[in-house]
Amino acid sequence: MSRPGPGVPQSPQSVPQPAAPSATAGSVAGTRAQGSARRWLLATGALVVVAAGLGFAVGRDARVVEEDVSCLSAQGTISCELEDGWTVSVPRDVAWTDRRGDFHQGGRPTCLPPTGIGLEGPVRVWWVAVDEQGVGRQVVMVAC
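Quick note on numbering: the sequence shown equals residues 393 to 536 in the numbering used here.
Accuracy of the hints is not assured; some may be wrong.
[As the list claims (entries may be wrong)] Pairwise CB distance ranges (calculated):
1) 476 x 426: 57 to 65 angstroms
2) 426 x 457: 48 to 56 angstroms
3) 532 x 427: 44 to 52 angstroms
4) 478 x 509: 21 to 29 angstroms
In short, the hints are calculated from the structure, not lab data. Note that the Cβ used here is the ideal one computed from N, Cα and C, for glycine as well.
Use the sequences and the hints to build the structure in full.
This is how it looks when you write it as structure tokens:
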């Protein structure tokens, strides 16, 4: 039998067909994807465990101190003197409870209005040391 010339279509039996993917090739690609996902999941899990451990190690010695203090409250600032003589600034958007015991997520405490006329108090504050030597202090909550 002779071959058809150029431009003449070949019969379906003579057209080369692409090879079907073998079961081995598909399973290898699937195994690689599963292995990659498994490694990613293990790495993420390890990162979460390390982050939790570091958070615990850093925060385990953090101590929240509660004190009744007097504060000076002005238009742009609120400051309180702690029992040991430290003067701390109170954020104007601090968590606080009012006289009825209702919790407020933030905002200026009503017992510390921006009058600037003198000491307000007594006011209960909770503060934490913000560095290892206890040099910095941050008020984290106020109770009116």
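Do the beta carbons of residue 478 and residue 509 sit within 21 to 29 angstroms of each other?
-> holds (23 angstroms)
Holds or violated: 44 to 52 angstroms for the Cβ distance of residue 532 and residue 427?
-> holds (46 angstroms)
Cβ separation of residue 476 and residue 426, checked against the hinted range 57 to 65 angstroms | holds (60 angstroms)
That 48 to 56 angstroms hint for residue 426 and residue 457 (C-beta), does it hold up?
-> Given a distance of about 52 angstroms, which is inside 48 to 56 angstroms, the answer is holds.
In the structure shown, no violation is registered for any of the earlier numbered hints.
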